[in-house]
Amino acid sequence: MFGKGLLQGLGITLKRMVGPNITEFYPEVKPTLPTKVRSSMGLQPDKCISCNMCVMACPNSVIKLTSEKNESNKKVLTSYHMNVGRCLFCGMCTEVCPTKALTVTQEFENSIFEPDDLNWDMLERAKQKGQVK
Amino acid sequence: METLYNLFETLNNLFLIIAAFIRGLFADPQSVWANLTMDVIGFIIVVVIIVLAALILILLERKVAGWTSQRPGPNRLGPRGWFQTIADALKLIGKEDVTPAGADKLIFKIAPMMIFCIPMMTLAVIPFGKGLAPANLDLGIFYFVAMSSISTVAFLMAGWGSNNKYSLLGGMRAVAQMVSYEIPLLFSLLGVVMITQSFNLGVIVEAQATIPFIVLQPLAFVIFVIAGMAELNRAPFDLVEADQEVVAGPFTEYTGLRWGLFFLGEYGNMTALSALGATVFLGGWQGPAFLPGYVWFFMKVGVFVFFMMWARWTFPRIRIDHLMHLAWKVLLPLAILNILLTGLGIYIYGFVMGG
Numbered sequence: 107m108f109g110k111g112l113l114q115g116l117g118i119t120l121k122r123m124v125g126p127n128i129t130e131f132y133p134e135v136k137p138t139l140p141t142k143v144r145s146s147m148g149l150q151p152d153k154c155i156s157c158n159m160c161v162m163a164c165p166n167s168v169i170k171l172t173s174e175k176n177e178s179n180k181k182v183l184t185s186y187h188m189n190v191g192r193c194l195f196c197g198m199c200t201e202v203c204p205t206k207a208l209t210v211t212q213e214f215e216n217s218i219f220e221p222d223d224l225n226w227d228m229l230e231r232a233k234q235k236g237q238v239k
Numbered sequence: 185m186e187t188l189y190n191l192f193e194t195l196n197n198l199f200l201i202i203a204a205f206i207r208g209l210f211a212d213p214q215s216v217w218a219n220l221t222m223d224v225i226g227f228i229i230v231v232v233i234i235v236l237a238a239l240i241l242i243l244l245e246r247k248v249a250g251w252t253s254q255r256p257g258p259n260r261l262g263p264r265g266w267f268q269t270i271a272d273a274l275k276l277i278g279k280e281d282v283t284p285a286g287a288d289k290l291i292f293k294i295a296p297m298m299i300f301c302i303p304m305m306t307l308a309v310i311p312f313g314k315g316l317a318p319a320n321l322d323l324g325i326f327y328f329v330a331m332s333s334i335s336t337v338a339f340l341m342a343g344w345g346s347n348n349k350y351s352l353l354g355g356m357r358a359v360a361q362m363v364s365y366e367i368p369l370l371f372s373l374l375g376v377v378m379i380t381q382s383f384n385l386g387v388i389v390e391a392q393a394t395i396p397f398i399v400l401q402p403l404a405f406v407i408f409v410i411a412g413m414a415e416l417n418r419a420p421f422d423l424v425e426a427d428q429e430v431v432a433g434p435f436t437e438y439t440g441l442r443w444g445l446f447f448l449g450e451y452g453n454m455t456a457l458s459a460l461g462a463t464v465f466l467g468g469w470q471g472p473a474f475l476p477g478y479v480w481f482f483m484k485v486g487v488f489v490f491f492m493m494w495a496r497w498t499f500p501r502i503r504i505d506h507l508m509h510l511a512w513k514v515l516l517p518l519a520i521l522n523i524l525l526t527g528l529g530i531y532i533y534g535f536v537m538g539g
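The listed protein sequences correspond, in order, to chains G and A.
The first sequence finishes on residue 239 if you use our numbering, and the numbering steps up by one all the way, no holes.
The second sequence finishes on residue 539 if you use our numbering, and the numbering steps up by one all the way, no holes.
No lab work stands behind these hints, which were simulated from the structure alone.
One thing to keep in mind: the hints can contain errors.
[Said to hold, decoys possible] In silico SDA-like links for lysine to any residue, alpha-carbon gap of 20 angstroms or less:
{"hint": "1", "chain 1": "G", "residue 1": "K121", "chain 2": "A", "residue 2": "W497"}
{"hint": "2", "chain 1": "G", "residue 1": "K153", "chain 2": "G", "residue 2": "L171"}
{"hint": "3", "chain 1": "G", "residue 1": "K121", "chain 2": "A", "residue 2": "P256"}
{"hint": "4", "chain 1": "A", "residue 1": "K349", "chain 2": "A", "residue 2": "T336"}
{"hint": "5", "chain 1": "G", "residue 1": "K110", "chain 2": "A", "residue 2": "L518"}
{"hint": "6", "chain 1": "G", "residue 1": "K136", "chain 2": "A", "residue 2": "R255"}
{"hint": "7", "chain 1": "G", "residue 1": "K121", "chain 2": "A", "residue 2": "F491"}
{"hint": "8", "chain 1": "G", "residue 1": "K233", "chain 2": "G", "residue 2": "G148"}
{"hint": "9", "chain 1": "G", "residue 1": "K110", "chain 2": "A", "residue 2": "L403"}
{"hint": "10", "chain 1": "A", "residue 1": "K293", "chain 2": "A", "residue 2": "W443"}
{"hint": "11", "chain 1": "G", "residue 1": "K121", "chain 2": "A", "residue 2": "W494"}
[Stated by the list, open to error] Computed beta-carbon distance windows for the label pairs:
{"hint": "12", "chain 1": "G", "residue 1": "L112", "chain 2": "A", "residue 2": "S253", "range": "12 to 22 angstroms"}
{"hint": "13", "chain 1": "G", "residue 1": "E220", "chain 2": "A", "residue 2": "V231", "range": "48 to 58 angstroms"}
{"hint": "14", "chain 1": "A", "residue 1": "W266", "chain 2": "G", "residue 2": "L139", "range": "29 to 39 angstroms"}
{"hint": "15", "chain 1": "A", "residue 1": "P263", "chain 2": "G", "residue 2": "K181", "range": "52 to 62 angstroms"}
{"hint": "16", "chain 1": "G", "residue 1": "V143", "chain 2": "A", "residue 2": "L441", "range": "41 to 51 angstroms"}
{"hint": "17", "chain 1": "A", "residue 1": "Q254", "chain 2": "G", "residue 2": "L139", "range": "16 to 26 angstroms"}
{"hint": "18", "chain 1": "A", "residue 1": "S253", "chain 2": "G", "residue 2": "E174", "range": "54 to 64 angstroms"}
{"hint": "19", "chain 1": "G", "residue 1": "L112", "chain 2": "A", "residue 2": "I530", "range": "28 to 38 angstroms"}
{"hint": "20", "chain 1": "A", "residue 1": "R501", "chain 2": "G", "residue 2": "A163", "range": "46 to 56 angstroms"}
{"hint": "21", "chain 1": "A", "residue 1": "V216", "chain 2": "G", "residue 2": "T129", "range": "51 to 61 angstroms"}
{"hint": "22", "chain 1": "G", "residue 1": "L112", "chain 2": "A", "residue 2": "Q254", "range": "19 to 29 angstroms"}
{"hint": "23", "chain 1": "G", "residue 1": "Q114", "chain 2": "A", "residue 2": "R207", "range": "51 to 61 angstroms"}
{"hint": "24", "chain 1": "A", "residue 1": "P263", "chain 2": "G", "residue 2": "E220", "range": "31 to 41 angstroms"}
Predicted, not measured: the structure shown is a model, and the values here were computed from it.
In this text, a Cβ means the ideal position worked out from N, Cα and C, and glycines have one as well.
If we strip away everything but chain A, and leave its shape as in the complex, we get (with noise of 0.2 angstroms):
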């Protein structure tokens, strides 16, 4: 029994264990140096996690396309067709790179790399177990919305850079709806900053060791779910590049890498938000003690990435008047009195208990 709860206790601090280690190499454990290379390492593991979630997510959002569809989804290449993904990246690889005569080619250009940048900050504030945030930053929820929203600066410069009709509506409908959603997605987390007085993400998933803020916030987790699948541009709200209306948004010119590059933003924003939703409503890397606390992490991301892609595959896209409605009309009264009734709610538990 002893030796178990000692193996548990290693797993459970293994990337601390190595960190301590690496830092041992120095002459100075905290020297300016040792910062560096940790701050060096912490970077390229946030890389290898984005291209690892975007290899594994693009696969298997196929496979749920396929199943809700009854079908087995892709199943040639290797075992059940798990290696698509890397066939279809060679096949992007493969492909010519064509900048259109008339486009704005700087600005053509910067767009799908800015994309690419955003997941990488923004999960950089994530904590992935404990004490495994690669920067603890006091403002983490602030940072990482902040950041988030620079995509669509981007998703406007791909649209104006393209110097085509359709990727500037497409990109004028990406700044409409990701402006609007961002407000609604920013009130539900409002509530739980009132109830742990933080902004710090490592100090909200030390707050829900007992109780995830799922069942203390219900609706902002709902709201959340909504605003954030709409600010990630995906189906039931993916305005920005409906086929049937704009071609592809502003995608419609890019080809080869470029265009993968949007793809692997999509997919690492999509982790990155789902990353967001498990540490502030699921309870982080907290979970009963069987499992190391980065495994429960990658787990509940998981289930929020599957839920994700469930709705993709279920919903019809929502038309482009009812999105506002749906933003303007339901999403933010309700983020209000969400917060009003955790204000209320705060004000009456502290009423009670403190006397």
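If we strip away everything but chain G, and leave its shape as in the complex, we get (with noise of 0.2 angstroms):
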């Protein structure tokens, strides 16, 4: 009453003026995720067996591969693709994968220019990553 509210409000806004911001400056200054977010998938084409129990542990059907055996028996990848355009990022497929050659990872800039680039080819990605590093 008698506006002891309203010098209590202005006492808040001020505290707020002179206290430290919390905007991150996102281009320059990037984020730390909590460990829990999944906003990407990576493979490690030379770890996977080719068993196929993350296309079937897919709810969306999102991965397709295609594999051919080498001369000494053993099931090679020839493609890996992902539509990114349905995943839910769930992670069913990684829990799934015996050799944990398909993981979660925490890169969140995945926005595109043309509805195709959400096919995601894995191989490719994972060959470009291992040039960037």
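Since each chain comes alone in its own frame, lean on the hints to assemble the complex.
Right, here's the structure in full:
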């Protein structure tokens, strides 16, 4: 009453004004994400045994892979595509993966210009990632 | 020490010296032509002050809005975002100028110009420093309030001319609000006028050499701030342009530079009212003598403006029925009480001192 609440409000905003900002300067400073964030997928092709478990585990049938047998009768990946437009990043495929070749990663800058780019060629991405590192 | 004092005196009277120099260029320094030249220069200075103030205040408003919500505000263009307003102004200039087909074209086009003219007229009577009033009127306060109340008409013209329900509603709200709040605003200034026995703003500043009137008239100052914010249609009294209720009030149909003129006018009016508040209650250009008078004046105006922004980003909008309650049932009786107390105080003071 009699403006006590008004003064209290002014005090709170003044405290906010002189206090530190909580803004993250995103493009210049990358945020530190919580460990549970799942925003991208990564594949290590040399670990993959082409068992097709991930394809069957996926609820949205995002993953499509083909393989062929080499001379020592082992399966080798020939292509591994993920239609990320339908991916929920639920992580079922990584849980089921027996060799942990497929992992959930925390890259989040996934925006693209063309809808066709949503179809990730995981082998190509793995190669590019290896080059970058 | 002597040179320092001389330097300070020169700085303090810098603009007076320049004015005397320009007058000296004429054969007769007090001729009509010399007076006319000085008036034109005064007008140009007032326009420059308004445009500069609008440029700075628009950015400052956004910065304060950011700081109160723990953001840094605009920070991309220029050092810490200080060129943002220039980019905004350029964007506004580039926009299409639309006049609605059903609008009352003349009224629609005159309204923003009127709004922008008012701060130019009101700021003319403010003494910016010792002897630095562009027009030294004897009825300064009276003139100021009379001129600033014209903006009511401009808001109604904008609302009516747009031929739009929401604009008209906003315009009607503007009339109701501004007419109501003018009364406590004027009455709060009356106490100061009673003490100084003058409407002249220069005389009022001279009278505050020892003590600013905020100490003698604290109640009047509070009423002045509240009624002033309502008079400017700024939050928490921005019912005229309440987005949730009347879209943008009278500004709904305006685009581009015409809308920008409304914006400029709002910040110009804000500067003018802050200047009046600083002159009447905070002591104008009077201040400790280590800074020139005009610096003190603009610092006080800045503090006043900052407080208004601070209040805007703190309080939610007042409800429309409470708006009228506050004006007629709270502020007006308090203002009249203040006049009564001031009168009693003057009488007792005269009785004790005069004997």
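Status of each hint after checking the structure:
1. G/K121 with A/W497: 13 angstroms, holds
2. G/K153 with G/L171: 15 angstroms, holds
3. G/K121 with A/P256: 14 angstroms, holds
4. A/K349 with A/T336: 18 angstroms, holds
5. G/K110 with A/L518: Status holds; Cα separation ~18 angstroms.
6. G/K136 with A/R255: Given pair G/K136, A/R255 holds - Cα atoms ~17 angstroms apart, limit 20 angstroms.
7. G/K121 with A/F491: Within the cut-off at roughly 14 angstroms; holds.
8. G/K233 with G/G148: Within the cut-off at roughly 11 angstroms; holds.
9. G/K110 with A/L403: Between G/K110 and A/L403 the Cα gap is close to 16 angstroms, so the pair holds against 20 angstroms.
10. A/K293 with A/W443: Roughly 11 angstroms between the alpha carbons, so the hint for A/K293 and A/W443 holds.
11. G/K121 with A/W494: Since the Cα atoms of G/K121 and A/W494 sit roughly 12 angstroms apart, the hinted pair holds (cutoff 20 angstroms).
12. G/L112 with A/S253: 12 to 22 angstroms: 18 angstroms, holds
13. G/E220 with A/V231: 48 to 58 angstroms: Check passed, 52 angstroms falls within 48 to 58 angstroms.
14. A/W266 with G/L139: 29 to 39 angstroms: 32 angstroms, holds
15. A/P263 with G/K181: 52 to 62 angstroms: The hinted range 52 to 62 angstroms holds for A/P263 and G/K181, with Cβ atoms some 60 angstroms apart.
16. G/V143 with A/L441: 41 to 51 angstroms: Hint holds: Cβ distance 46 angstroms, inside 41 to 51 angstroms.
17. A/Q254 with G/L139: 16 to 26 angstroms: 21 angstroms, holds
18. A/S253 with G/E174: 54 to 64 angstroms: 59 angstroms, holds
19. G/L112 with A/I530: 28 to 38 angstroms: Distance hint for G/L112, A/I530 holds at roughly 31 angstroms.
20. A/R501 with G/A163: 46 to 56 angstroms: Between A/R501 and G/A163, where Cβ atoms are some 53 angstroms apart, the hint holds.
21. A/V216 with G/T129: 51 to 61 angstroms: 59 angstroms, holds
22. G/L112 with A/Q254: 19 to 29 angstroms: 21 angstroms, holds
23. G/Q114 with A/R207: 51 to 61 angstroms: Since the Cβ atoms of G/Q114 and A/R207 sit about 54 angstroms apart, the hinted range of 51 to 61 angstroms holds.
24. A/P263 with G/E220: 31 to 41 angstroms: Since A/P263 and G/E220 have Cβ atoms about 38 angstroms apart, the given range 31 to 41 angstroms holds.
The earlier numbered hints are all upheld by this structure, with none contradicted.
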